[in-house]
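Enquirer: Residue numbers (this note's numbering), protein chains in the order written: chain A, 1 to 367; chain B, 368 to 783.
Hints listed in this document are in silico derivations from the structure and should not be mistaken for laboratory results.
Hints may be right or wrong, so weigh each one.
[As the list claims (entries may be wrong)] Derived DMTMM-like pairs (lysine to aspartate or glutamate); straight-line CA-CA distance at most 25 Å: (1) Lys773(B) x Glu102(A); (2) Lys82(A) x Glu61(A); (3) Lys595(B) x Asp21(A); (4) Lys247(A) x Glu231(A); (5) Lys595(B) x Glu61(A); (6) Lys595(B) x Glu23(A).
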Amino acid sequence: MTATETDDGFVEFDHVQKSYDGETLVVKDLNLSIGKGEFLTMLGPSGSGKTTCLMMLAGFETATNGAIRLDGQNINEVPPHKRGIGMVFQNYALFPHMSVGENLSFPLEVRGFGKSEREAKVRRALDMVQMGDFAFRRPAQLSGGQQQRIALARALVFDPKLVLMDEPLGALDKQLREHMQFEIKRLHENLGLTVVYVTHDQGEALTMSDRVAVFNDGRIQQLAPPEDLYERPDNSFVAQFIGENNKLPGTVEELSADKALVKLDTGELIDCTPVNVADRGQRTLVSIRPERVEFKPEMMPPGAHTIQAEVLEVIYMGDIFRTRMLVAGSDEFVMKSRNTLGQTKLVPGQHIQIGWHPQDARALDPL
Amino acid sequence: MTDATAMLTTNDGQPLKAALARSQRRARRNALLLVAPLFLFVLITFVIPIGQMLSQSVYNNNFSVAAPNLGAWFDDHPQGSEIDETAFAALVADLQYMKEEKLSGSAGTRINYDISGSRSLFTGSARKVDDLTPPYAISVPALDEKWTDPNLWRAMRSASSPLTGDFYLAALDLTRDEAGVIVQVEPRQRVYKMLFGRTLMLSALITGICLVLAFPIAHLLATLPLAKSNLLMILVLLPFWTSLLVRTTSWIVLLQQQGVVNSLLVSLGIIGDDGRIQMIYNQMGTIIAMTHILLPFMVLPLYSVMRPIPPSYVRAARSLGASSWTAFRRIYLPQTVPGMAAGALLVFILSVGYYITPALVGGADGQLISNLIAFHMQKSLNWSLAAALAGLLLFGVLVLYWLYDKLVGIDNLKLG
Ligand SMILES: Nc1ncnc2c1ncn2[C@@H]1O[C@H](COP(=O)(O)OP(=O)(O)OP(=O)(O)O)[C@@H](O)[C@H]1O
Ligand SMILES: [Mg+2]
């Protein structure tokens, strides 16, 4: 990334590397530009370096190499308390010896706000998260969800322009989680915040974010809006990691700009879209989403290749049927079909022909 | 609401409370049986001896059993009565009794606590009591002039009742004058208050030094990775594994005038050979050796409160805009208060009663109150005074404990 591109980047990671022990790189050449007001999520498996990136941005870890810029300024040398970044920790980190009100007042006190101003801001922040009546409670007297809200309010009370959240909802149950996702999203929109959010819950990442950065092995595998990430994964890792996915290994037979013919290892030919393949004869892994697999001839594009499948198991899931099949030697091929009126009922042992639109089958790098 | 709860019954119609009590009775009895050995142990090794000690400090019948006639005379004649013939007659009768029962020594010792030289007065006079003839008001003073001393009579009067606060008075450098009014003893003899003061001051100093030294160590222990912190913990606990005498002796080797530290300073040219510093057999020796011995008692409680404090608290504070000093002072420090208070209480109480180290390396001005208690137990054999001194010490410790409970709360105590 060059210096001319910095004008729209509010937060920028410029060729950032990080090593804790001098032997392995935990973050390898990270380049990331986050726009003002954007909600960016870092998603990835455990140990992929998400927290490390957040800690470097917050100033608790130093980048081993490269520059981190905030609002055009290099902040590598700026100590954490001068960065003005709000942060929500996974365990909330509410100060146990202070009441909720004192917790919220703390960032204002260290910034030298007067008493009346502090009180007004604290009240506003508490009302913002609907916790106005709890100012005199101790954190230990709050439920997990309430502590979460207070941690959020505390990170926002001093009006930071950038807020970092490290798995803030990790400890909550599913329902509360969904509710808090909505609340965080609402605050993001109402206050015009820039949010960098870390999670390893892909559902959370897809519903909340403007863009998602998928981390693996210290690198960003793909940086894209949720829709692109799900429908147009760039590589096998992303396809695997986001949502459910069928993989068919094979070799490229024919290749044109927007179409590829792949010969599977068991001999069948299928049509797909080339993504990560460059030459004929190359190994590839074809990825197809279970809900894009069709078994009724009238739903398939004319002339497309179909492939033989044996139904192994049909699971009724209410809104959908999940059908596990034996396809091209793999017994883990899954098809999802909507539970509509008059849907054809499949039974185990049945032999069918399945197919798909070529743009839904993506020929990616071999794993 | 209360009506509803009062009527709660079990399925088969018994009152719920009775059923609950029955089901818990067995568990409670087992629990009692389990603590019984400990209870007995505490009773035999703490409650009884301490009770004994406290009663010794206010009860001494050495004189009263040896002098029944004087006791009767003191009962009939209030303080300030003239010492007349009847008094001397009672004295002679008692001296007679003491001679027969061989009690003059112990009775004399009891009076000797108050007025020195009285023991020989009693034993000498008892030996010659058969030579005395009436009128005793003449013959007794003729035997020994000291018998007319009003102070002696005052001392005998107070010793004739076995229950007495005299030992506590003595332990506070107080005494009674001829008229029985409580006054300070002569400046030359005032030692106990000074020693109490020194004990408290040195203990406070040692506690302070321990706190200052232990805080960073405990912090390091709490933040280092486990493998390294275990090694450090072994170093901290090392003093516990060596004999107290060995440790103290090694301080003597290090600190004496011809010792390692002085020689090092001389060879480095920091001090001259004639300017070797006296670091042992004085207060400095007491402070250094006791700080070393008591340091683990400060480190452990501190460590136990610091270990569970997650680093995210300080990080949160920093991210909220606090400098590292502010984050430490406002966030970290307050959370370590229970550990600091527990460690300080422990070290202070231990050092207030410390005996062996000051005895070995304290010299003259490094002696603490315990050394004087030991002196009265072993040398002067004034057990009642020793008991009174120990009683005062115990009282002081209890006051401290109470204060701690008021300020920090005993349920916040974390000892390790
Ligand atoms: N303080 C540290 N010292 C040494 N190694 C560390 C340190 N913190 C993290 N690591 C290592 O760096 C790698 C990335 O860790 P990081 O905490 O960034 O992962 P993460 O993506 O946040 O994972 P998770 O989803 O489990 O929180 C891991 O292999 C971890 O072991
Ligand atoms: Mg993490």
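Enquirer: Decide, hint by hint, whether the structure agrees.
Expert: Hint by hint, here is what the structure shows:
This hinted pair checks out: Lys773(B) and Glu102(A) have alpha carbons roughly 24 Å apart, not beyond 25 Å. Distance check on the hinted pair: Lys82(A) and Glu61(A) sit about 15 Å apart at the alpha-carbon level, within 25 Å; holds. Annotation: proposed proximity of Lys595(B) to Asp21(A) holds, straight-line Cα distance about 16 Å (limit 25 Å). Proposed proximity of Lys247(A) and Glu231(A) is supported: the alpha carbons are some 15 Å apart, at most 25 Å.
A C-alpha spacing of about 22 Å is found between Lys595(B) and Glu61(A), which places the hinted pair at or below 25 Å, so the restraint holds. With a C-alpha separation of about 20 Å, the suggested pair Lys595(B) and Glu23(A) falls inside the 25 Å cut-off, and the hint holds.
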